[in-house]
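Novice: For the protein sequence lines, the chains are A and B, in the order given. So in this note's numbering, spot 82 of the first sequence is number 82, and the numbers just go up one at a time. So in this note's numbering, spot 78 of the second sequence is number 78, and the numbers just go up one at a time.
Do not rely on the hints blindly, as some may be mistaken.
Label pairs and their in silico Cβ distance ranges [to be verified]: (1) A:LEU127 <-> B:HIS131: 48 to 58 Å; (2) B:PRO52 <-> A:GLU44: 49 to 59 Å; (3) A:LEU127 <-> B:ALA148: 49 to 59 Å; (4) B:ASN100 <-> A:LYS25: 51 to 61 Å; (5) B:ARG132 <-> A:LEU26: 21 to 31 Å.
Some chain A residues judged to face chain B by a derived CB distance under 10 Å, without partners named [said to hold, decoys possible]: (6) SER42; (7) GLU45; (8) SER72; (9) ASN78; (10) HIS82; (11) VAL95.
Here are some chain B residues the structure puts well away from chain A; computed CB gaps all over 12 Å [as the list claims (entries may be wrong)]: (12) HIS14; (13) ASP35; (14) GLU43; (15) LEU99.
Source of the hints: derived by calculation from the structure; they are not laboratory data. Keep in mind the model is a prediction, meaning the values are calculated, not measured. For each residue, glycine too, the CB sits at the ideal point set by N, CA and C.
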Amino acid sequence: MKCKFLTFLITHGNLASSLANVSEKLIMPTTKLYCYSNQRWSSEEIEKDIIQKIKEEQAEKVIIFVDLVGGSCWIIGNRIKHINPESAVIGGVNVPMLVSFFVNCNRLDWNELLEKIITDAQKGIVLR
Amino acid sequence: MEIQLFRIDDRLIHGQVVIGWASHLNSDTIILCDDSVAENDWEKELYLSIVPESLAARVIPVGELARELKESKNNFCKTIVLVSSPFTVETLLKKGVELNNINIGGIHFKEGRKEYLPYLYLSKEEVNAFHRLMQRGIKFFCQDVPTAKQIPLEKVLEKRTA
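Only chain A is shown next, with the shape it has when bound in the complex (with noise of 0.2 Å):
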């Protein structure tokens, strides 16, 4: 993507780190993925950061990234989303969907990569 944009993953536990860690082992990381565990926060006080930092960087594109659609980090992602719409908010975040985020950020168009990154995510998951 050639504009400014912010990427965010927010779960339950310390998924959202662990995922992070695990994906950034895999591949080099092309940019920052901020990390927010549902655990202790509020979520009024995880859409704040997440603004304010929108607000700061001057972002014009974001990705959020959650772990389960219809859980309250999706809340938080779709309550964003509301007030910055030029956001997408990706539900049922695996590993395959973060390596194929970072290795196709800087490559392709917004669509595109929404396109790839869910396509890859749902590949990595097969039953044998």
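Guided by the hints, dock chain B onto chain A, whose structure is given.
Specialist: Coordinates of chain B only, in the frame set by chain A:
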């Protein structure tokens, strides 16, 4: 009026409620009682969109819940009622509702709140509100998910003060 689960949870409808409690209790309805959510169509829609099809769900203001509970027309024995704070409980009592047993599922950290449990952070005003409610005979038990241990609120508050 018997309610299956009356829960204080600042996250209102979320995974712990729809996956955890509703499955565990075999509930058929969730009522989210909150004035600010009830008056915001977008937010109301967001909360209702995450409820599985197996459950009926409604978002109603505090006054409406008070009216329904006093009229006793509906049966709440398979219903989970969610509010976000003890102040809503106080409002319901002022409106003449009787409540006996309340689950505290989560009030999370923000500035001005102290930690009581990993999922329970309270401000002075909230602690005072809980004390007032307990003096009126309401029993509170802290339990975020069905598999967790129930802890009486008075023990949690005593331990933090000691």
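Novice: Starting from the hint list further up, note which numbers the structure goes against and sort them upward.
Specialist: 2, 3, 5, 11, 12, 14
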